[in-house]
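K.L.:
Note that the protein sequences, when read in sequence, are chains L and C.
Just so you know, the first sequence maps onto residues 0 to 594 in numbering that gives the first Met the number 0.
Just so you know, the second sequence maps onto residues 0 to 594 in numbering that gives the first Met the number 0.
These aren't lab readings, by the way, just hints derived from the structure by calculation.
Glycine included, C-beta positions come from ideal geometry on N, C-alpha and C.
Across the chosen pairs, the derived CB separations fall in these ranges:
no.: 1; chain 1: C; residue 1: Asp200; chain 2: L; residue 2: Arg242; range: 47 to 57 Å
no.: 2; chain 1: L; residue 1: Gly270; chain 2: C; residue 2: Gly323; range: 31 to 41 Å
no.: 3; chain 1: L; residue 1: Gln505; chain 2: C; residue 2: Glu74; range: 54 to 64 Å
no.: 4; chain 1: C; residue 1: Gln543; chain 2: L; residue 2: Thr586; range: 16 to 26 Å
no.: 5; chain 1: C; residue 1: Glu74; chain 2: L; residue 2: Asp268; range: 33 to 43 Å
There are 2 protein chains.
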Amino acid sequence: MSYSAPLNDMMFVLEDLCDLDGVSKLPGLEDATPDMISAILEEAGKFAGQVLAPLNVIGDQKGLTLTDGKVGTPEGWAAAYHQLVEMGWNSPTTDPEHGGMGLPAVVNACIQEMFNGANTAFQLCSLLTQGAIEAIEGYAEDSLKETYLPKLVTGEWTGTMNLTEPQAGSDLAAIRSKAEPQGDHYLVSGQKIYITYGEHDMAENIIHLVLARLPDAPAGVKGISLFVVPKFLVNADGSLGERNDVRCVSIEHKLGIHASPTCTLAFGDNGGATGYLVGEPNKGLQYMFAMMNSARLGVGLQGVGIAEHATQHAINYAMERKQGGTPEGAEATIMGHPDIRRMLGLMKARTEAARVIAYRAARSLDYAHRATDADEKARHQRRVDLLIPIAKGWSTELGIENASLGVQVHGGMGYVEETGAAQHLRDARITTIYEGTTGIQALDLVGRKIQRDGGVAAKELVADMRASAKALGEQTSAHADWAMLCATIMDAADTVEDLTDWLLAQNGSEPLAGAVTILECFGICLGAWAMGDAAISAATRLEQSRSPAHAQAKLKIVHFYMKNVLPKAASLSATVKGGAGSVLDLTAADFGVEA
Amino acid sequence: MSYSAPLNDMMFVLEDLCDLDGVSKLPGLEDATPDMISAILEEAGKFAGQVLAPLNVIGDQKGLTLTDGKVGTPEGWAAAYHQLVEMGWNSPTTDPEHGGMGLPAVVNACIQEMFNGANTAFQLCSLLTQGAIEAIEGYAEDSLKETYLPKLVTGEWTGTMNLTEPQAGSDLAAIRSKAEPQGDHYLVSGQKIYITYGEHDMAENIIHLVLARLPDAPAGVKGISLFVVPKFLVNADGSLGERNDVRCVSIEHKLGIHASPTCTLAFGDNGGATGYLVGEPNKGLQYMFAMMNSARLGVGLQGVGIAEHATQHAINYAMERKQGGTPEGAEATIMGHPDIRRMLGLMKARTEAARVIAYRAARSLDYAHRATDADEKARHQRRVDLLIPIAKGWSTELGIENASLGVQVHGGMGYVEETGAAQHLRDARITTIYEGTTGIQALDLVGRKIQRDGGVAAKELVADMRASAKALGEQTSAHADWAMLCATIMDAADTVEDLTDWLLAQNGSEPLAGAVTILECFGICLGAWAMGDAAISAATRLEQSRSPAHAQAKLKIVHFYMKNVLPKAASLSATVKGGAGSVLDLTAADFGVEA
Chain L
0 MSYSAPLNDM MFVLEDLCDL DGVSKLPGLE DATPDMISAI LEEAGKFAGQ
50 VLAPLNVIGD QKGLTLTDGK VGTPEGWAAA YHQLVEMGWN SPTTDPEHGG
100 MGLPAVVNAC IQEMFNGANT AFQLCSLLTQ GAIEAIEGYA EDSLKETYLP
150 KLVTGEWTGT MNLTEPQAGS DLAAIRSKAE PQGDHYLVSG QKIYITYGEH
200 DMAENIIHLV LARLPDAPAG VKGISLFVVP KFLVNADGSL GERNDVRCVS
250 IEHKLGIHAS PTCTLAFGDN GGATGYLVGE PNKGLQYMFA MMNSARLGVG
300 LQGVGIAEHA TQHAINYAME RKQGGTPEGA EATIMGHPDI RRMLGLMKAR
350 TEAARVIAYR AARSLDYAHR ATDADEKARH QRRVDLLIPI AKGWSTELGI
400 ENASLGVQVH GGMGYVEETG AAQHLRDARI TTIYEGTTGI QALDLVGRKI
450 QRDGGVAAKE LVADMRASAK ALGEQTSAHA DWAMLCATIM DAADTVEDLT
500 DWLLAQNGSE PLAGAVTILE CFGICLGAWA MGDAAISAAT RLEQSRSPAH
550 AQAKLKIVHF YMKNVLPKAA SLSATVKGGA GSVLDLTAAD FGVEA
Chain C
0 MSYSAPLNDM MFVLEDLCDL DGVSKLPGLE DATPDMISAI LEEAGKFAGQ
50 VLAPLNVIGD QKGLTLTDGK VGTPEGWAAA YHQLVEMGWN SPTTDPEHGG
100 MGLPAVVNAC IQEMFNGANT AFQLCSLLTQ GAIEAIEGYA EDSLKETYLP
150 KLVTGEWTGT MNLTEPQAGS DLAAIRSKAE PQGDHYLVSG QKIYITYGEH
200 DMAENIIHLV LARLPDAPAG VKGISLFVVP KFLVNADGSL GERNDVRCVS
250 IEHKLGIHAS PTCTLAFGDN GGATGYLVGE PNKGLQYMFA MMNSARLGVG
300 LQGVGIAEHA TQHAINYAME RKQGGTPEGA EATIMGHPDI RRMLGLMKAR
350 TEAARVIAYR AARSLDYAHR ATDADEKARH QRRVDLLIPI AKGWSTELGI
400 ENASLGVQVH GGMGYVEETG AAQHLRDARI TTIYEGTTGI QALDLVGRKI
450 QRDGGVAAKE LVADMRASAK ALGEQTSAHA DWAMLCATIM DAADTVEDLT
500 DWLLAQNGSE PLAGAVTILE CFGICLGAWA MGDAAISAAT RLEQSRSPAH
550 AQAKLKIVHF YMKNVLPKAA SLSATVKGGA GSVLDLTAAD FGVEA
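With the hints as extra help, turn the sequences into a complete structure.
P.N.:
Below, the structure written as structure tokens:
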């Protein structure tokens, strides 16, 4: 079960579909030349393939131990983490002056895809640390930054996000954890569940970011504050002090990501855990939301990464598995069966499309942070905001679908755990749930990202899609088949525009009923746009004899996508517009009837 | 995690959509009156809900042991099996004169759905025994029947089907196991894998049905014979004799159905296992194919059963899980969220549609076996042959989809194993693989069942669909919304006819590339037909105040189906006709390119 980072496709997407040249002209990113990036990705790919991937299976099989509140990770896990820290892979985008590598977000997207694809359970640790870094970097006062940031950036300390409580899942308004003022700090108490890497043995300290209520806080979402609660208190000289009043009382027995500890943490059982307020009181949720784009993109890249890994796994199997024969009597592999190729085609086409969407979201993150022109900055921020729920929601759903198809390609062997195909499915299954379920992503898309801005960001996107279609349409003399590509992308743009207009015209709950279907439809249509652009680039590369095998395969998979993936968009659009009413008509009573 | 047999819906489908009255007029089924059937199903439902469902979770968690070739089932497993045998549930359709209950196949479909839905891993034992019964009953000489049938029918002995070998999965031509003549019997040797309940501790003897080659057998599928190989030899007086030369060398560690032993069996390590030829030499595969309809229907009913169980599980959770509040500040359950109802609606609508398709296949089995009119018999056999791959393929695929949606409805709780939602997904995942993968079902559908008979069976089905649509269209004065139902079912019929014509017009490999997509499309369209008929019956029941709550909910779910499930058929049809070429264009080289 080897994993090979898809470096050719990553560089293709970076250079040709995300304009890496343009990104590297942004202030602070001048070192991000294609040559330098290519070398970095090659190194990251080695780490993913040679270190993380082999541990993926071990982690799944061995799982975790919990003894006296201490979580033990599987053999090899801590050593690999130390290697990651030493090589500087923990926080690739952080400014070099804070100890990071200062890479563009779009390049980090490649690294995150690789590491998550090779070993989702492992990489979750850094993903959560990244969230803690952003919270502290963005909102904490300087003394907290000085104390905690440097070691979080290197990864010597890891971070966690403590949001969920038993009664407060997707609805954080119900949070009950408390924080009592006590001189220069607070005493935090309460129980948090589903805390990823809430306790482990890979780093000397764990910095918990905790949502809790101050004594005088208003009810609901406007009364939630954010606190830093370290596992070990930190002395003035930076050395570790006494153990804080927080402990891991249990870890979950989960379907997948077995080696990623999902902890229940008890804060303040012995009087209160020492915590420090981040930013202003009662703004905790706002700070959390500000960090969500990168965390959600990170999970979207888990979707892409698992989709890629499952695809490679299935391709390798199909190349080797002998079954049946040729008409001449020779043994043949199952790759010869059209249905196997259909499944592999679906896996490959959707993975490559989702990769482009996620990387383009990351590229816009770079522009939104660094562009000097205010309009350009704002336009990219709108694009980020629009793309993130799609990159998260669609990539993770298709990560599951790909993993399930991967099992199917393996046949009976796929159902036997030692093959490893089933692990992808088990691991992928969480990605549509955490960091906001697909339903939450979809509400974000239709409500905040489309209805609230009057469809501005969506219409900008439609214009870009039409420009891509037009570019294809202008070259039909050289490429006769591009007339079809042009027409299908025009259709996809029409579908996105039509659903945007539909959303803007609704006054009732129909958008809520249709939201997830709209998200999938947008994902498929944006994938078609990405594939159209890919066709142009691949044709150019072919003419220039640059990576011709990759370019040739890309052209075929573009056609496959248009004919085998895109048609679903029309039915999804019809379902939204025709079906939302019958969703709303279903009441609890209809489900409660004794069947 | 309770399971409640959907008795109301089962009786509705039996009486109104499968004409139970007509079935009970068939020779030998005269006792199958609705009252008697209803009483039987109620008893079966109790066994499913009270005995099998509680063991489902235990079986998943405890799994199996293998010690010195002996497989230990989880605590309670053997006792429940003995109860099943005592109550006569092992082989409900077998003729009473052979010790069975003599129930119609369509009634047995309900029982199989219940038992499989409550506990798939458990019921697999009887499903395999059923196959052994049919093989012996249909093809073995009388002495073998007398020796083995009675105890297989009661379930005192269980049966297995030994087809697969490491190099021979879907392609049985590659079978290498051998049988050497030795006086009145044969010495069988070879290794078989994936043998369900190949070894266990629930019954005193296990009767293996084994495919193997005679010394002079021709190569390929025409040289395979079928043998009975008992675990313990049977003495002339029927008592158990010495242990035969077959042993379980390993069991698989699987994604799901943990308590169903999947064995590797070694035959003949000590000179040869005593076996008895079933029927004529070299006809083994033909005999296997003849049994496939009921085995495949059985697995299809696993799909329906798991789909139903997962739906109930998710509904129960959504009814109880508090999250968020109403505008008035009261706590609300997640059932209030439109996206939760969309997911539950999809689960419920597809389950109910798939149930009708599977039961109608079973109903036609009854007619094909028992009708006195030769034309009617033949027509129903064609219908069985056409429906089986759809009932198997579509029901199992949507069993997986439903189980996955069930996890999603549970949110983070769904990913934690103790909730039980994830078990449905893990258990369901095998059903699209064994007894012929979905790809194999689809090849059967497009090749044997449509192209080979020139589309006769498919066109008969289209005519039935149009008759249902017409019946709806004739009542639009009383039911204004039935104009829509009529039109959508007409569309569904057109789609089935159009794809049938497309298939008949193809000469190349396009049907192989489009087969799975066609199968899904047919499933969805036939589901619409079933739902249309259900609307007519439900409206009649409402007028008569018979089960009005069920009828009311049915009418809503029919509308939901037409607007939220059926639209996909159009995109599938477009994918088949437009996309098959681009599937065939993909070669191994395209997948082998270093990405």
